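J.: Single-letter residue listing:
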Amino acid sequence: MPMASATRTNRVNRNPAPGRTPETPGPGRRPSKAAALWRSSVGKKAVMAVSGLVMLAYLVAHMLGNLKVFFGPDDLNGYAHWLRTIGEPVLHHGWFLWLARPVLLAAVVAHGVAAYQLSRRDLKARPQQYAHRRRQSTYATRTMRWGGVILGLFIVWHILDLTTLTVNPLAEEGHPYQNIVASFSTWYGGGIYCLAMLALGLHVRHGFWSAAQTLGVNNPRRDRALKLAANGLALLLTAGFLSVPVAVMAGLVR
Amino acid sequence: MNLTLRIWRQQGPDTPGEMTVYQVSGISEDMSFLEMLDTLNEELILRGERPVAFDHDCREGICGACGMVINGQAHGPERTTTCQLHMRHFNDGDTIDVEPWRAGAFPVVRDLVVDRSALDRIIGSGGYITAPTGSAPEAHATAVPKEAADLAFEHAECIGCGACVAACPNGSAMLFTAAKVVHLNVLPQGAPERASRVRNMVGAMDAEGFGGCTNTGECATACPKGIPLTGIARLNREFLRS
Amino acid sequence: MNHDDANAGEAPMSYLDYTVGAPVADTRAPAGPIEQRWDQRRFEAKLVNPANRRKHTVIVVGTGLAGGAAGATLAEQGYHVVQFCFQDSPRRAHSIAAQGGINAAKNYRNDGDSIRRLFYDTVKGGDFRARESNVHRLAQVSVEIIDQCVAQGVPFAREYGGLLDTRSFGGVQVSRTFYARGQTGQQLLLGAYQALSRQIAAGNVELHARTEMLDLIVIDGRARGIVARNLVTGEIRTHLADAVVLATGGYGNVFYLSTNAKNSNATAIWRAHRRGAYFANPCFTQIHPTCIPRSGDHQSKLTLMSESLRNDGRIWVPKAKGDTRPPGQIPEDERDYYLERIYPAFGNLVPRDIASRAAKVVCDEGRGVGPGGQGVYLDFADAIARLGRDAVEAKYGNLFEMYERITAEDPYRVPMRIYPAIHYTMGGLWVDYDLQTTIPGLFAIGEANFSDHGANRLGASALMQGLADGYFVLPPTLNDYLGRTPLPPVPDDHPQLAEVEAEVTDRLHLILAVDGDRTPDSFHRELGELLWDNCGMARDEAGLRRALARIPALREEFWRRIKVPGTGAEFNQALEKANRLVDYFELAELMCLDALHRGESCGGHFRTESATPDGEAARRDEEFSYAAAWEYTGDAPVLHKEELVFEHVHPTQRSYA
Ligand SMILES: Cc1cc2nc3c(=O)[nH]c(=O)nc-3n(C[C@H](O)[C@H](O)[C@H](O)COP(=O)(O)OP(=O)(O)OC[C@H]3O[C@@H](n4cnc5c(N)ncnc54)[C@H](O)[C@@H]3O)c2cc1C
Ligand code: HEM
Ligand code: SF4
Ligand code: FES
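Chains as they are written, first to last, in the numbering used here: chain A, 1 to 254; chain B, 1001 to 1242; chain C, 2001 to 2657.
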C-alpha cells in the first residue's frame, strides 16, 4: 500500500542573498602561466604531447642510426663516434650527448608524470564501468596506458642493456655493434626488444595523431592526412627498429 | 515483439543499484525506445511497483533530456537520441541492457536519471557572450563570413545531452565544452571574451571532476548531433593561445 | 443561451450556468497615436533606484524564451531573481523545439515590410481577436530582438556576403522570418540560457531546476510567492518574493497527443487562475496541419514537420472511400487533390486552420490513409520530377530524414503521410498592456498569456512574442510595479503560507491514497481523445455539451481509480503526471465552456454552426468582438468581456477560395 508522505518543510526567507556583480572576476592574483598550464587537464596534456613529440623525433633519428648496423661494425661504430662530435668545435667532444640526455630525460619524466596524473584523474572521473561493455575506439587507442608502461620499463631495460651494459654479460665498453649483436642473440634480449617495438608502433600510431589533436593543429581538412601520417610513422619506426634484432636473430648480422 | 530488458534500478544517489530483469511483450516496431519503456511502466504501475525513472521531454531529439546507455552504447545503436530510436532496430527475443549515463560528474538521481548540472555550470563559467539586454548594436553592423557562421552553427547544435561524457572512458566533457567554445569563439561577437572564455570553461570542466581527453573519439561516435572531434582540437588551440 | 436567469430555479448550479460579470479593460496602454504608446508607457513608468533593486526579489517560473530572457534581463538590471523550471536544466524548456523561425520587421530585403505591416498581418492573422496596442508594440520590439540575439552569438543563417538571411513563412508576402536552419528555437533559447547562466554564476539568479510550482501565494491581494515541489526529494517549500512572473508556456498537452514536450503542463497558470487570475480565450488552440500521424495506441506525442513542405508537396487522398491500395497503385484520376480543388487560388498553401480542417473532413468521410485512416498524403513525386531529386533534397533533406527515421518510409519514393495535431495555445492568463494579470504583482509572459495572437497565431510569431515579453516588455513594466507598490515583508509565519502548503501537500496525499487500478496516462489519453473529438478542429454545440457532461464523470473516476505507486517524498514521475491531470480536468472543462459560449467561428476556433455558405469560418463581430476572460469561482465561472476596438486594422472576412 503506498504510504503518502509528501514532506513539508521550512520556508525560504525573501531576504535576497548578497548579490555579486555579473562582471567577470577582476584580475586578482593569477597563477603563473606555466603553473596554470600544468594544473589544467588540457595544459598537462599539451606537455605530454610536446614531450612525446620530442621523444618521437629522437626515436626517428635513433632508428635511422640503428640501420647502420647493416653496413657493418665500422659504419655503426663510426656513427656512434660521430654522435659525440656533433657541435664541435663550438661544443666540446661529447657535450652534445650530455646536453641531449637531460632533455630526453626531462621529456620522459614529464611525459610519464603527466600520463600518471592524467590517468588517475581519468579513472576517477569514470568510477563505474558499464555492465554491458562495448568499446568502439581502436586497439592502439585503448592500449595507450599499458603501452606507455611497457615503453617506460623498456627504456630502463634498454639503458641497462646497451648503455650501462649492466644486463648484457657479453658486452664490452666501446663496441656498440658487438654489444647489439650480443644482446639480440639471446632469446630474451631480442624478445623484449621486439615486444617493446610493437608496443611503440601502437603507441605512436595513436600518439602522433593525438598530439596533433592536443596541440590544436588538427582540423577537418588535415584529419585524414594526419591519421595516415601517424600510421606511416608508426610502421616506419617499428619496421626500422625491428629490422635489427630480426636480422641478428636470422643470422644476417653477426 | 517480445523482449527481455535488463534495466539499472537505483533508488537514489547513495543507495546501491542493480540490473533488474523485466519481460515486455507486444512491442510494436514503430514504437520509440521511450514508448517501449512507457509500456513497461504502465504495467509496473498497475502491479504497484515503482515505474522506471528516466528523463525525457521533447521526444523529438532536440531538448537533450533523454539519454541512456543501451547495450553499452550511449543512445543505443543508431546515431540519434534515445527518444528518436525506434524499436525496429531490435529483434524479437532480444535481451537489451539499459543503464544510466556513467561518469563521476553525473551522480545517479534515480534509475536512469542522472544529475547533469555540471554541464550547466561549465556554461555559466564562460559559455556566453556578455551582451546585456538593450546594449546590442544593429544586427547588420557586423557582417559574419558565411564560413564562420556555418562553423559556429555546426558546433552550436549541441543539445547538452551528455552522451559524449557517458561514452568517454575517461568521463570527459571535452566535446561538450568544445562545442560551446568553438561556437562562440569563431564569431566576431565572441572575440572580446575569447581567451577568458576558454580558460574559465576548461577550469570549470576540471573543477567539476570530468576526466581529461585521450582522444579516443568515443564521444563523437556517440554524439547524436554529429559534433566533430576536430572541435576538440580547436578547443585545445584556443586554450593554448589564451 | 440566455444566462440572465441562470441562477433561477432550484436545480443545483451547473458548470454551464456561467454568469457574465463586469467587463475587464486594459487600463495601462496610454491613449494617443498607437506608434507612441509604448514610448509613452515607458516614460510614465516609475523607475527603481539601481541601489534598491537588489532588495527586491522576483520569482520567475519558467526558463523558456520568455522566462529565460526575463530572468537574465532582470538580473542584469540588479534584481534578485529566483527562477524555476521542472527540467533538469533551463536549456531544455520547450522553446528549444521550435523549428521554423522568428519574425521581425527589419525590412532587410527592402520588400515593403515595416512595423506597420507586421502589426497589420498579426492582427489580421489573429482573425481580429487581439488587442491592437499590444500587437503594435510587439511589431516595434521585434526589430530589437534580432539585434539582441545576434549580439549574443545566435548563429542565424547568413548569406555569402555575411549578412542575415530571411525567408517568407506562413503565407505572408514579405520575407521577414529569420532562422537558424531548422533549429531556430534551440538557438534562440541557448542565447537566453547562456545569458541566464552568466547571471546564475554571478549569484544574481538563484535557479531551482527540477522544481515544479504547484501554487501561488497571494497576500493582501498581491502575488507574493509560490509553493513549489522539489521533484527529486519531494520537498514542498514556499518561496516568497515581491512579484511573480509566470513564463510556463502553453497548455496544448491537455490533449495528451500534441507537438508539445511531454512534460509541458498547465499547472502553474491553472493554479494562478484558481487564486484569482482571469483565464482568457481558453478555447483558442492552434492545430498544425503537417505532423506525422500516429502509428498506434502507444503513441506518446506527435512530431511536427515544417510547414514549408507544403510549398512543394501536393496533398491528396483517394477519391473512393476505404481505398486501401498502396499510393503508387492509385491512378492519377482516382486521386483527389482536395486543397487544389476547393481552393484553386491558394491550393496547398492555404492557412494552417483551413488545411487542417480540410484534412479532417476527408478523413471523416472515410478517405483517410494509413493506420486508422487518420492521414492524408503529401506527395513530392511532381516536385522531384520537376526540380530533380537533388533540389528537393537540398531543400527538405533533413525533414525527409526525420520522417524516415520515425516512419521507416522513404518519402522520395512513397508519399509522406501527414495529419494535423495540436500545436499551440493562443489562450492563456489574461494580462493588461503591462503583462500583469488580474492579480497585482502576478505577471504572465510568453505562451502562458493570451495577449498578442488573437484567435490564431502566425508562423514564427511565438518566438518573437516570447522574447519581446522577456527581454523588452516585462522589465520596464515590472520596474513600474515594484517602484510604485509598497511591499511590506511577509512574515515567515503568515497563516496563508501554511494553508497553501497544506493544500498542495494534501492533494498529493489524496492522489497517492486512492491506490486504484488505472494509470495516469490512461486517464490522460481518454481526456485527450474526448477533447480532440469535441473541442478540436471543429466544434459544435452537441459535442461540446457531451464533453462537458463527460469530463466531470471522468474526473470523478480519476479520484476513485487512479493508481500511483511510491510516495510523495521521492522522485516520482507518475505522481507528477497525476497531479498535472487534476488541473487538466478543470482546464478542459473551461475550454469546452468557452468554446460553447463563443458561438462564432474565428481563427483556430471553428464552430460548424457558424460557417459561410461554402463552409468557411464565419466570424460574428457584432456579438463576439471581445476577449473572454474567465474568473474562477469553484463552481460556474464568471465571464468578463474585454471589448476589442479596432482603430487601425479594420475587420474583414478572410477568404482563400
Ligand atoms: C514543435 C513546435 C515548433 C514550433 N515552432 C515555432 C516556430 O517555428 N516559430 C515560432 O515562433 N513558434 C514556434 N512554436 C511555438 C513556440 O515554440 C512556443 O510558443 C514558445 O517557445 C513558448 O515559449 P515560452 O517561453 O512561453 O514557454 P516554454 O518554452 O514552453 O517554457 C516553459 C517553461 O516553464 C517551465 N514550467 C512550466 N510549468 C512549470 C511549473 N509548474 N513549475 C516550474 N516550471 C514550470 C518549464 O520548465 C519551462 O522552462 C513551436 C512550437 C512547437 C511545439
Ligand atoms: C619513448 C617513447 C614514447 C613516445 C615516443 C611517446 C609518445 C607519445 C605521444 C606523441 C603521445 C600523444 C600525446 C597526446 O595525446 O597529445 C603519447 C601519449 C601518451 N603516452 Fe607516450 N610516448 C612514449 C613513452 C611513453 C611512456 C614511457 C609512457 C608511460 C609512462 C607513455 C604514456 C603515454 C600515455 C598514457 C599517453 C596518453 C594516451 C593517449 O593520448 O591516449 N608514453 N605518447
Ligand atoms: S557534444 Fe554531442 S553528445 Fe555531447 S552533449 Fe553535445 S550533443 Fe550530446
Ligand atoms: S526527449 Fe528531448 S532529446 Fe530526447
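It should be emphasised that the hints constitute simulated quantities derived from the structure, not laboratory data.
Watch out, some of these pointers could steer you wrong.
Said to hold, decoys possible - Computed far set for chain B versus chain A, every beta-carbon distance over 12 Å:
{"id": "1", "residue": "Ser1028"}
{"id": "2", "residue": "Asp1030"}
{"id": "3", "residue": "Ala1136"}
{"id": "4", "residue": "Gln1189"}
As the list claims (entries may be wrong) - Label-pair distances were calculated between CB atoms; the ranges are:
{"id": "5", "chain 1": "C", "residue 1": "Val2645", "chain 2": "B", "residue 2": "Ser1135", "range": "33 to 43 Å"}
{"id": "6", "chain 1": "B", "residue 1": "Glu1078", "chain 2": "C", "residue 2": "Gln2329", "range": "25 to 35 Å"}
{"id": "7", "chain 1": "B", "residue 1": "Ser1135", "chain 2": "C", "residue 2": "Asp2390", "range": "42 to 52 Å"}
{"id": "8", "chain 1": "A", "residue 1": "Leu97", "chain 2": "B", "residue 2": "Glu1078", "range": "38 to 48 Å"}
{"id": "9", "chain 1": "A", "residue 1": "Lys33", "chain 2": "B", "residue 2": "His1089", "range": "45 to 55 Å"}
{"id": "10", "chain 1": "C", "residue 1": "Ser2014", "chain 2": "B", "residue 2": "Arg1079", "range": "36 to 46 Å"}
What you are looking at is a predicted structure, and each value in this text was computed from that prediction instead of being measured.
Idealized CB from N, CA, C, for every residue including glycine.
J.: Work down the list of hints and note, for each, if the structure agrees.
T.: These are the hints, each one checked on the structure:
1. Even its closest Cβ contact with chain A, about 24 Å, leaves B:Ser1028 beyond 12 Å, as expected for a residue assigned away from the interface.
2. Every CB of chain A lies more than 12 Å from the CB of B:Asp1030, the least distance being 25 Å, so the non-interface label holds.
3. Every Cβ of chain A is farther than 12 Å from the Cβ of B:Ala1136; the closest lies at roughly 16 Å, confirming the non-interface assignment.
4. No Cβ of chain A comes within 12 Å of the Cβ of B:Gln1189; the nearest lies about 16 Å off, and the non-interface call holds.
5. Between C:Val2645 and B:Ser1135 the beta carbon distance is about 36 Å. The supplied range of 33 to 43 Å therefore holds.
6. Restraint check, B:Glu1078 to C:Gln2329: a C-beta distance of roughly 31 Å satisfies the suggested window 25 to 35 Å.
7. At roughly 44 Å, the beta-carbon separation of B:Ser1135 and C:Asp2390 lies within the given 42 to 52 Å, and the hint holds.
8. Restraint check, A:Leu97 to B:Glu1078: a C-beta distance of roughly 57 Å breaks the suggested window 38 to 48 Å.
9. For A:Lys33 and B:His1089, the Cβ-Cβ distance of about 50 Å falls inside the hinted range of 45 to 55 Å, so the restraint holds.
10. About 55 Å separates the C-beta atoms of C:Ser2014 and B:Arg1079, a value inconsistent with the hinted range of 36 to 46 Å.
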